[in-house]
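Build the complex: two chains, separate frames, hints provided.
Chains as they are written, first to last, in my numbering: chain H, 2 to 393; chain Y, 129 to 604.
Bear in mind the hints are in silico, worked out from the structure with no lab data behind them. No residue lacks a Cβ here, since even glycine has one placed at the ideal position from N, Cα and C. Zero decoy hints are in this set.
One side of the interface only, derived from the structure: several residues of chain Y facing chain H at Cβ under 8 Å:
no., residue
1, Gly213
2, Ser538
3, Pro546
4, Val590
5, Glu591
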Amino acid sequence: MSALTADVVVIGAGVLGGAAAFHLARGGHRVIVLDRGAPGREGSGTTAGNLHVQAVHTRRPGQEVPLDSARFLPLQRAASDRWNSVEAELETSVELRRSGGFTIAETPEQRAELIAKHAWEDRAGIRTEVLDGDGARAALPLLGPTVTAATWCPLDGYANPLLTTPAYLAAAVRHGARLHPFCPVRAVERSGSGWRVTAGDLTVEAPHVVDVAGPWLGEIAALAGIGLRMTPVAIQMHVTVRLPETLRHLVQHIGEGLSVKQVTAGNLLIGGGWPALRLEPDGRSPVSLSSVLGNVAQAARVLPFVRDLRLLRTWAGPLAATPDEMPVIGEVPGAPGFLVAGGTYAFTFAPLWGETLRCLVEGKPTPVDIRDLGPDRLLEPAAPAAPYEEAR
Amino acid sequence: MTTTACDVLIVGGGPAGLSAAARLAAAGLAVTLVDEQPELGGQYYRSPSPAVLREHGDHRPEGGRLVARVRSLGVDCRTGHLVWGVDDDGRTLLGTGPDGSPVRLRGRHVIVATGAYERTHPFPGWQLPSVTTPGFAQHLAAADGTSPGRRVLVAGSGPFLLPVACSLLAAGADVVGVAEAGHPYRPSLRAATALRHPARLRELAGYAARLARARVPLWQGRVVSRASGADRVSSATLAATADPGRPLRTVDVDALCVGYGFRPQTDLARLLGCEIRADAVTGDAEPVTDAFGRTSRPGVYVAGEAAGVGGVHRALVRGATAAAHILLREGSPAAPGPREIARLAARGRALTRFTALSDALYPSQAELRKALAATLDDDTIVCRCEAVTAAAVRSAAAERAGGDLNAAKSWSRAGMGPCQGRFCGFAVAGLVRDAAGDAADGAARCGVPVFPARQPIRPVPVETLLALGEQDGGDG
Numbered sequence: 002m003s004a005l006t007a008d009v010v011v012i013g014a015g016v017l018g019g020a021a022a023f024h025l026a027r028g029g030h031r032v033i034v035l036d037r038g039a040p041g042r043e044g045s046g047t048t049a050g051n052l053h054v055q056a057v058h059t060r061r062p063g064q065e066v067p068l069d070s071a072r073f074l075p076l077q078r079a080a081s082d083r084w085n086s087v088e089a090e091l092e093t094s095v096e097l098r099r100s101g102g103f104t105i106a107e108t109p110e111q112r113a114e115l116i117a118k119h120a121w122e123d124r125a126g127i128r129t130e131v132l133d134g135d136g137a138r139a140a141l142p143l144l145g146p147t148v149t150a151a152t153w154c155p156l157d158g159y160a161n162p163l164l165t166t167p168a169y170l171a172a173a174v175r176h177g178a179r180l181h182p183f184c185p186v187r188a189v190e191r192s193g194s195g196w197r198v199t200a201g202d203l204t205v206e207a208p209h210v211v212d213v214a215g216p217w218l219g220e221i222a223a224l225a226g227i228g229l230r231m232t233p234v235a236i237q238m239h240v241t242v243r244l245p246e247t248l249r250h251l252v253q254h255i256g257e258g259l260s261v262k263q264v265t266a267g268n269l270l271i272g273g274g275w276p277a278l279r280l281e282p283d284g285r286s287p288v289s290l291s292s293v294l295g296n297v298a299q300a301a302r303v304l305p306f307v308r309d310l311r312l313l314r315t316w317a318g319p320l321a322a323t324p325d326e327m328p329v330i331g332e333v334p335g336a337p338g339f340l341v342a343g344g345t346y347a348f349t350f351a352p353l354w355g356e357t358l359r360c361l362v363e364g365k366p367t368p369v370d371i372r373d374l375g376p377d378r379l380l381e382p383a384a385p386a387a388p389y390e391e392a393r
Numbered sequence: 129m130t131t132t133a134c135d136v137l138i139v140g141g142g143p144a145g146l147s148a149a150a151r152l153a154a155a156g157l158a159v160t161l162v163d164e165q166p167e168l169g170g171q172y173y174r175s176p177s178p179a180v181l182r183e184h185g186d187h188r189p190e191g192g193r194l195v196a197r198v199r200s201l202g203v204d205c206r207t208g209h210l211v212w213g214v215d216d217d218g219r220t221l222l223g224t225g226p227d228g229s230p231v232r233l234r235g236r237h238v239i240v241a242t243g244a245y246e247r248t249h250p251f252p253g254w255q256l257p258s259v260t261t262p263g264f265a266q267h268l269a270a271a272d273g274t275s276p277g278r279r280v281l282v283a284g285s286g287p288f289l290l291p292v293a294c295s296l297l298a299a300g301a302d303v304v305g306v307a308e309a310g311h312p313y314r315p316s317l318r319a320a321t322a323l324r325h326p327a328r329l330r331e332l333a334g335y336a337a338r339l340a341r342a343r344v345p346l347w348q349g350r351v352v353s354r355a356s357g358a359d360r361v362s363s364a365t366l367a368a369t370a371d372p373g374r375p376l377r378t379v380d381v382d383a384l385c386v387g388y389g390f391r392p393q394t395d396l397a398r399l400l401g402c403e404i405r406a407d408a409v410t411g412d413a414e415p416v417t418d419a420f421g422r423t424s425r426p427g428v429y430v431a432g433e434a435a436g437v438g439g440v441h442r443a444l445v446r447g448a449t450a451a452a453h454i455l456l457r458e459g460s461p462a463a464p465g466p467r468e469i470a471r472l473a474a475r476g477r478a479l480t481r482f483t484a485l486s487d488a489l490y491p492s493q494a495e496l497r498k499a500l501a502a503t504l505d506d507d508t509i510v511c512r513c514e515a516v517t518a519a520a521v522r523s524a525a526a527e528r529a530g531g532d533l534n535a536a537k538s539w540s541r542a543g544m545g546p547c548q549g550r551f552c553g554f555a556v557a558g559l560v561r562d563a564a565g566d567a568a569d570g571a572a573r574c575g576v577p578v579f580p581a582r583q584p585i586r587p588v589p590v591e592t593l594l595a596l597g598e599q600d601g602g603d604g
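The following block holds chain Y by itself, in its conformation from the complex (with noise of 0.2 Å):
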C-alpha cells in the first residue's frame, strides 16, 4: 500500500499551514503539506498571474517569501491535491494527487487548516448566472486581471469589500457601487476604538480613498434583496437593511458580487470527529479548540481560518502555536521555552480582540440573518445544486422533519448536491430552526448549524476509487 507517513501533515497551504509547516521543519521534523491549488499561498498570498505581475508587482511579497522559506526548508508540498476522505477511523487522510491518481497520508500529527468559506446568504435571484460572490471576484481580478462583469455591484457586509471592489476597478470594470448592510464607515464610538489599531484603519482608509476618487458610490445600512435578469442578472434591487421587505433603488449590473465575510471551512475536521459548536457569536460551526489549536482528537490541531475566522496574522499566529505545541510534545531541542509560548498566547489574545473590535464595527451575523431570511419568500431557490426552494426546506422542516436538521435535508433534498451544502447549508439550518420555533425545543434539536460531513468531502473519480481498491488488493 503507497502511504506517504511523515511527522506532521498539514491540510491546506495558506498562512496558517505554511507558518505551521516553517516552525516545525526548521526543528527538523519531517512535514509534508498538501494543497488543493496548484500553488501555495492559499486565498490571501494566491500569487498573480505572470501577467498581472508583470504590470501591478506583487502586493504581499511577504506570502512569496514565506512559500520559498516552506519550500528551502525541504517541506514535502503536495500541491494539486484534493483531500476527500478519511480512512482508519481518521488515522490516514485520502487524496488524489493532480493525475487522479490515489494517495494515502498519514502523520503521526495532523494539522488541519483548510481556510474559509465565503459566508452566502440566499437572496431572489442568486441562482442567476454573473451573481458572484467577492472572493470570486478579487480570484478572477488579482489572478487575471479580469472582472466577472463591465457594471459590478459589490454588496454584503465587511471589509473585504472595499478592496475587492478596488480590484475590480484596477482590472478595468466600472463598480456600480459598493453596499454595506452596516455602518462601519462613519466616526462612532466603535469605530474610535479602532484606532488604537492604525495599520488596519490606514488601510481600509486608502481603499475607501481609492474608491472615492473613481467616484463609487458607498451605500450604508443596505442589502440586495433581489437580483433580476433573464438569462442572467441585469438588475440588483437594494433595500435597506433595517427594512429589507421594501424596495429602495434597483441597480442596473450585468454582475453582482455580493457576500457577507467568511466562515470556517471545517468539513475536513468534521469528518475527522473532531467536536463541534456552534459559536456563540458568529452562530457558525467551528470545531472546538484550545489554545493551541488541539481539537477533541488526540493528534489533530486546527489552524488559522477553520478554527475561527479572524483574518491573517491571527492565521499566522494560530499556525506557528499548534506548531509550538508538535514540538513541546515531541520534546524537541527546537521547542519553545516558556517566554515564547507566553508571548504567542499573549500576541494571540490580542489579535482576537482586534477581531472582536472589527467584527464590532459591522452588523452582527445574527443581525444579517434576521434581515436576510426576511428577503427569503417562499420562491426563492435556496439550495442552487438541487433547486430547492424555501417554501420546501420550511414545509419539510415543520412538517416531517420537527426541526431536526437533518431530516430537514432528507424530506427537502437541501444540500444534497455536489457542493454538500457548503452554500446552502446556514441558510437552511436558519429556516429549519424558524420554522421549529414554535414545536418544543425545536431549535435546540437544529444544534450546530450544519449538515454531518459525509466522505468523499467534493465528488470524487470513480476511477481514483478503482485505483485505490487495486492498491490495497495489491498489497493485501
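Isolated chain H, as found in the complex (with noise of 0.2 Å):
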C-alpha cells in the first residue's frame, strides 16, 4: 500500500471535483482527485446542463421546500458571471451557449409569482422582461395556448456536461492534480492535523478535504464521523430523437418542474427534475413511467410540437440534495480542514463553488458570501462512522 501525501484530496470527480481540483491545482496546490467509478458518470455525467440564471421558483415535482429565490439570485449572477471564462480558462469548448431562455406561467397564481421573480431579479442585477401570452408567443411562436405570461432572460444558456466536467478534470491534470478513478473511499480519519484517507489501494495524507462526493456526499462526511442531513434523489431527464434546429432557447416553468432546449446534437431534451422510480445507491436509478407520461405531457402542453417528435432515451441521474434546497459549502465546524461543496445547482454554480473552494483552502475571502450556506445548518449530532460497504 503506498502513501502519498498532498495539500488537498478532492472526493468525486464530478463537475464540482474537477472545478475545485483546477483552481486549486492552478493555485499551485498538490491536489489528488479520488473516484469510486468513472470520473463524471453519475450526477455531472447526467444532468441536463442548464445554466439557471433566471430564478426557478419551484425545481422538482414533489419538493417540498421552495429554493429561497431572493437569496439565490444574487448568487446565480455571480455564477453566471463566472461561467464567462469558463471556455478561455480551459482552453476549449465546451459548448456554452447563452441563447436565452423563457420561464412561462400558466395560472394567475404563476403569473403573480412571474412579476414577483422579476423584481428580485431586478434587484440581483439580472435583466429579465414580463411578457403576456400574447407578447410571450410572439417572441416564441412555438409556445402553446396555456402559456400566459413569461419573463425572458438572455443570460439563460446550456453547457455540454459531458464535455465540462472532462475539460476541468484535464485540465486540473495539465496543472498537475493527480486522478485516480475507480478508487473508492473507504476511511478519513483525522491525522495530526490533517487527515488521512484510504481509498482503493491509496492512502493520502493531506491537511485538506474537499468532499464533493454529490450524492454521496453525507456518506463520505459519515466516513470522517459527521452526520449531515443531505436528501439525495433520483431524477429523470428524457430526450426525443434528432430534430433540425428549431428551438433556441431554454424554457422552463414557474409552477411546475418543466425545463426544454434543444442540445447541440439536435436533440431536445425535456427535464425538470420529476423523480426517478427510487435512487439506486449504485447509481443506475430505474425510471418511473408516471414521472415519463407527466414530464413529457407538460412539454407538449407548453410546447405543442412536441407532440410530433418520438421520445428516443429516458435516463435517471442521481442529485445531492439538501432539506432546505439551498447549496452547502463550507468547512465543516469542528473538522478543521474537512470542506463540503453540493447540492442545488451544482453545475450552473460549479466555476464558482470550485474557485470559492480555493479560497477556503488558501483562507482568503471567498468571492461571494456564504457564510449561510455553511454544512453548521445540516449537521447531525455525532454518528458512528459507519465503514464504507456497509453505507452503500
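Next comes the structure, spelled out in C-alpha cells:
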C-alpha cells in the first residue's frame, strides 16, 4: 500500500470536483482527486446541463421546500458571470451557449409569482423582461395557448456536461493534479493536524479534504464521523430523436418542474426534476413511467410541436439535495480542513464553487458571501462512522 | 386503465414463441402473443409475399401450419405490436398497437422470445448506402423477390451466407462471390463429426451445389476489410482473415451484404431486470437461464434465440420446454410427466451439442473479433447513428472512462442514436476492452459487453405517451 501526501484530497470527480481540482492545482496546490467509479459518470454525467440564471421558484415535482430565490439570485448572478471565462480558462469549447430562456406561467398565481420573481431579479442585477401570453408567443411562436405570461432572460444558457467535466479534469491534470478513478474511499480519519484518506490501494495524507461526492456527499462525511442531513434523490431526463434546429432557447416553468431545450446534437432534452422510481446507491436508478408521462405531457402542452416527436431515451441521475434546497459549501465546524460543497444547481455553480473552495483552502475571502450556506445548518449529533461498504 | 391480462404473455411470434403458445393454449391457458411484425412467424417462418408464393411456393410450410395451429387454439395474437417499455418494476409491459395506440400487457408468466440480431462488425466504409446485412438481403429476396443490388458480394461467416446467396440468385442478382471468414467447406476432422447430422449437411451441400452451378466463387479465409464508394458502395476489398491489414483483392459491386451470424436480442430481458452474463464461447451478452428458460426474475422465461443463438430446432424445443415448466407450476392436468420432461431435456441437450459442433466449423467469435478489430483504423465510423469514430471511442475509453463501458458511451456518444447501440454496442465494448487493456483490471470493468437497456427500447411517439397518460389519468 503506497502512502502519498498532498495539499488537498478532492473526493468526487464530478463537475464540482473537477472545478475545485482545477482552481486548486492552478493555484499551486498538490491535488489528488479520487472517484469511486468513472469520472463524471453519475450526477455530472446525467444532468441536463442548464445554466440557470433567472429564478425558478419550484424545481422538482413534489419538492416540499421552495428554493429561497430572493437569497439565491445574487449567487446565481455571480455564478453566471463566472461561466464567462470558463472556456478560455479550460482552453476548449464546452458548447457554452447563452441563447436566453423563457420561464412561463399558465395560472394567475403563477403569473403573480413571475412578476414577484422579476422584481427580485431586478434587485440582483439580472435583466429579465415580463411578457404577457401573446407577447410571449410573439417572441417564441412555439409556445402553446395555455401560456399566459413569461419572463425572458438573455443570460440563461446551456453547456454540455459531457464536455465540461472532462475539460475541468483535464485542465486540473495539466496543472499537476492527480486523478484516481475507480478508487472508492474506505476511510477518512484525522491524522495530526490534517486528514488521512484511504481509498483503493492508496493512502493519502493531506491537511485538506474537499468532499464533493454529490449524492454520496453525506456518506463520505459520515466516514469522517460527520453527520450531515442530506436528502439525495434520483431525477430523470427525457430526450427525443434529433430534429433540425427548432428551439433556440431554454424553456422553463415557474410553477411545475419543466425544462426543455434543444442540445447541439439536435435532440430535444426534457427535464425538470421529475423523480425516478427510486434512488439506487450504485447510481443506475430505474426510471418512473409516471414521471415520463407527466413530464412529456407538460412539455407537449407548453410546446405543442413536441407532440409530433418521438421519445428516444430516458435516464435517471442522482442529485445531492439538501433539506432546505439551498446549496451547501464551507468547512465543517469542529473538523478543520474538511470542506464540503454540493446541492442545488451544482452544475451552474461549479465554476464559482471551484474558485470558492480554493479561497477556503487558502483562508482568503470568497468571491461571494457564503457564511449562511455552510454545513453547520445540516449537522446532526455525532453519528458513528459507518464503514464504506456498509454505508452503501 | 386498459390492461390486457392473461395467464401467459409471450413476446415474439417466431418459432420459440409459437411453439410455447401452442403448448400452453392446448392445455387451456389464456395466452397473449405479441409480435412487432404484421404477420406471425418471425424471421425464420416469415411468409413470402403472394407474388413470391405464386412463383416459388412456400419453402417452409411447417411455419404456416404452426401459425394456423396457434390461431385455431384461440391464442390472442397481437401482431403489429411493438413492446417498448415496462412499468410496475417489470410486472407490466408497455406496447404500441399498429395504429400507435398504447397498450399495457400483463401475464402471470412472461416468455421473452424476442429472437436474435444479426452480428455486425464495423469496418471502414460500412456506413455507405447499399452495404446491408445478409438477413436484410434475405428478407428482400424472400419476401419481395428483389435484391439490394445488381452485383452483390455476400460476406461474413456462418452457414447462413449460403442460403442468402442462393436467394439473391433466385431474385435475379449477379452474386459476384461469397467470402467466408473461416474454412468450413473442406474435409477436415471437425467437419467429419458433423456427418452425424446428415440432414443439415445435405442442406448446406445443396446450397453449395446451387452456387457452383451458377459459377459463384466461394472464397474461404477471407474478410471484407473495406468498402469504398462515393454516394453508395462501388467496391469491396477482401483480405485474409489471418492478415486483415493486407488487401488481397478488390471486387466491383453495387451492393455488399456482410454479417457474422446472429446474437441474442436481449433488450427486453435486460429491461425486465433479468441477470445477464457474457457467454463464455461467443462473448455475447446472454440472459442467465436454467434448463427450462427460467431467468433470475420470478415468472420471466427467455426462450429461443434470445436465450442463445442455436437455430430453429433448438428454438422450438426451448419454447416447448418453457411452456412445459409453466404448466407444471400451474398444476395443469396437461402438464408433462417426468418422461416427457426427460425427453425434452435430452432433445435440448442434443441440439445444444449440435450447435457447438456446427459452431466449431466456423471461426470463433473471439478470433473474428480480433481479426476485424485490426481493420478498424481510427477514422472508421463505429456508431453509424451518431457518426462516432473508432478514435473517439478509443480516446474516451483510455482517457476518461477507464474501461467503463457506460462511461465510454457518455464521453463518446457512441450508442446514443436511434438504434441505441444495437449495431455498435459490441464493437464499442471491444474497443473499450482493448483500450483499457493496460489499465489495471480495465477489462474486468467493462463487464458484460452491452450498454444498459433503457426505455423506450425503440423510439416511441410522444402521441403514444400522451394517450397512455390520459388512460392513466382517466382511471386514477
